[in-house]
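Q: Sequence:
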Amino acid sequence: MDFAQYITENALILIPALYVLGMLIKGTESIKDKYIPIVLLIAGIAGAVGILGVSADSVIQGILVTGATVYTNQLLKQTAKSE
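Per UniProt numbering, the very first residue in the sequence shown carries number 1; after that it's consecutive.
Take these hints with a grain of salt, some might be off.
[What the hints assert, rightly or not] Only pairs whose alpha carbons sit at most 20 Å apart, straight line, appear in this in silico SDA-like list of lysine to any residue:
#, residue 1, residue 2
1, K77, L21
2, K32, L21
3, K77, T28
4, K26, T72
5, K32, A43
6, K32, G67
7, K34, Y19
No lab work stands behind these hints, which were simulated from the structure alone. These numbers were taken from a predicted model, which means no experiment stands behind them.
Whole structure, please, built from the sequences with the hints as guidance.
A: Here it is in structure tokens:
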């Protein structure tokens, strides 16, 4: 899969930033785990709008980078599991 087809180069920086944010939120007890993807989605859209400007494309980029971040997190968790 070529991420360059879907996620613009400028927005790629948001993936590790959102991953770190998710890990920080996971360490707090004030936000339940089920709400972390929603918080990351809001942060991803806000970050994309901040980088790319206000447009529908920015919102879509925010959604895509959040999806890539959550997918990466789940991929790492599932591959680390021993069965």
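Q: Are the Cα positions of K77 and T28 separated by 20 Å at most?
A: Distance of about 19 Å is within 20 Å: holds.
Q: Is K77 within 20 Å of L21, Cα to Cα?
A: holds, 16 Å
Q: Straight-line Cα separation of K32 and G67 no greater than 20 Å?
A: Judged against 20 Å, a Cα distance of about 19 Å means the pair holds.
Q: So if I understand the rule, the pair passes when the alpha-carbon distance is 20 Å or less; does K32 with L21 pass?
A: holds, 14 Å
Q: Measure nothing beyond the straight line between the CA atoms of K32 and A43; if it is 20 Å or shorter, mark the hint as holding.
A: holds, 16 Å
Q: Starting from K26, check that the Cα of T72 is at most 20 Å away, please.
A: holds, 15 Å
Q: Are the Cα atoms of K34 and Y19 separated by 20 Å or less?
A: Answer holds: K34 to Y19 is near 15 Å, not above 20 Å.
Violated hints for the displayed structure: none, as all numbered hints are satisfied.
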